[in-house]
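Visitor: Residues per chain, in single letters:
Protein chains: 2
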Amino acid sequence: MYSVVDEAEITDRRLLRGARTRQIVLRRAVDLASLEGLVGLSFGRLASDTGLSKAGVQTMFKTKEILQVATVDHAREMFIDAVINPIRSTGHGVPRLRAMVDRWIVYAETPLFEGGCFRAANLADYDSRPGPVRDALFRDRDEWLAFIAGEVRHAVVAGEIPDTDPDLTAFVVDAVLCAANTALRAGDPEVTDKIRRFVDATLAG
Amino acid sequence: MYSVVDEAEITDRRLLRGARTRQIVLRRAVDLASLEGLVGLSFGRLASDTGLSKAGVQTMFKTKEILQVATVDHAREMFIDAVINPIRSTGHGVPRLRAMVDRWIVYAETPLFEGGCFRAANLADYDSRPGPVRDALFRDRDEWLAFIAGEVRHAVVAGEIPDTDPDLTAFVVDAVLCAANTALRAGDPEVTDKIRRFVDATLAG
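Same order as they appear, the protein sequences are chains A and B. FYI, in the working numbering the residues of the first sequence are 68 to 272. FYI, in the working numbering the residues of the second sequence are 68 to 272.
Pulled out of the complex, with its shape left as it was, chain A reads as follows (with noise of 0.2 Å):
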């Protein structure tokens, strides 16, 4: 009996230092490619940059292309940690239209990942390879795109806005926080000013 509880205990310590482990060399995967993009994803990098074994994170992750779709998977949960769970309680509509730039502004200035928007840094890169990657980063954005619309829609259904097309205004939105991310990283002054005046302009009532 007790040998099976020890057993037991010893797979359970194991499970959990293995899921830590893996914790730790996704969220160094997600740095570098928010800095150099997926596609420069590689087991060598990550063991070097972690002090794991190169054959212990191979092992873990089998196949680059395995790799990158865990490292997208990771990324957007830190997203959602970072910009729409504390949001969760704002008001829908235009009020958590503005605390959604808020906290996206925070994500990209402070920055949660080293080479900033993970999302702006690889989709293009990514948009004429197809394949499980592309497949990944192209259901986050649709998901992000798709809640950013419900708001524009609750907006427009309480009248805090005029009507207008959720879907087009969606897109909109986030191609200038995209584009933002780039002004960002590359030291424009303006760039938090140029969104407030967006937000002010687009969701002007």
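Calculated directly from the structure, the hints in this document are not laboratory data. Backbone N, C-alpha and C fix where the C-beta goes; we use that ideal spot for every residue, glycine too. Incorrect hints may appear among the rest.
To be verified - Only part of the chain B face toward chain A is listed, based on derived beta-carbon distances under 7 Å:
| no. | residue |
| --- | --- |
| 1 | G85 |
| 2 | A86 |
| 3 | L190 |
| 4 | D194 |
| 5 | G198 |
| 6 | P199 |
| 7 | F205 |
| 8 | L235 |
| 9 | A242 |
| 10 | T249 |
| 11 | R252 |
| 12 | R264 |
Starting from the known structure of chain A, arrange chain B on it as the hints suggest.
Guide: Relative to chain A, chain B alone:
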């Protein structure tokens, strides 16, 4: 005398052939960089794609960085030929902005470069990498934004559109075109329609 003339002729022919070869290499470099990014450009790949020797391509550009900057300049010239030069005779302001967007849609849809908009494909890759390549990319971007802002200013002065901040409008127009390029590459069928509706809303009197 004759011998001098002959030598000059031979030199002329050599220079001409050198210039033509350079154009062929740069044309391929622009396609590759629009597909896979400037970061991935290599002398070896360009040599095998164009049928030249790797040593020949390397002699032409010396370093990878010089090749990358020359590729940005070549893409810039092709963009100006495709989008800007054909609209120089169109009236300033709203007519020229509309003509510009029409030309841009052809440029992105055809596409002029295998991977679509060169600027959109590379700016985000280089925003976190200071150096001459980033400088060339942002110089090109600033020139493009200044062109759009100049025409918006004309439209405001002529009373074609309400008083607005030309730099902000240029920033938003460029952002939407960049995002549209990514959506086009990814096969979004509604994107051309989205651009036209955005332009209609932005340039409404």
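Visitor: Now, for every hint given, state plainly whether the structure supports it.
Guide: Each hint tested on the structure:
At its closest, the beta carbon of G85 (chain B) sits 31 Å from a beta carbon of chain A; the interface hint therefore is violated under the 7 Å criterion. Hint on A86 (chain B) is violated. Least Cβ distance to chain A is approximately 30 Å, over the 7 Å limit. Nearest Cβ of chain A to the Cβ of L190 (chain B): about 5 Å, under the 7 Å cut. The hint holds. For D194 (chain B), the suggested interface contact is upheld, since its CB lies about 3 Å from the closest CB of chain A, less than 7 Å.
Taken as an interface hint, G198 (chain B) does not check out: its beta carbon lies about 12 Å from the nearest beta carbon of chain A, beyond 7 Å. Hint status for P199 (chain B) relative to chain A: violated, with the closest Cβ pair at about 14 Å, above 7 Å. A distance limit of 7 Å between C-beta atoms decides the matter here; for F205 (chain B) the minimum to chain A is near 6 Å, and the interface restraint holds. At about 6 Å, the closest approach between the beta carbon of L235 (chain B) and any beta carbon in chain A falls short of 7 Å, and the interface hint on this residue holds.
Because the closest C-beta pair between A242 (chain B) and chain A is about 3 Å apart, less than 7 Å, the hint holds. Given hint, T249 (chain B) at the interface with chain A, holds; its Cβ is 5 Å from that chain's nearest Cβ, closer than 7 Å. Given the 7 Å rule on beta carbons, the hint for R252 (chain B) holds: about 3 Å separates it from the nearest Cβ of chain A. Checking R264 (chain B) against chain A by beta carbon gives a least distance of about 6 Å; that is within 7 Å, so the hint holds.
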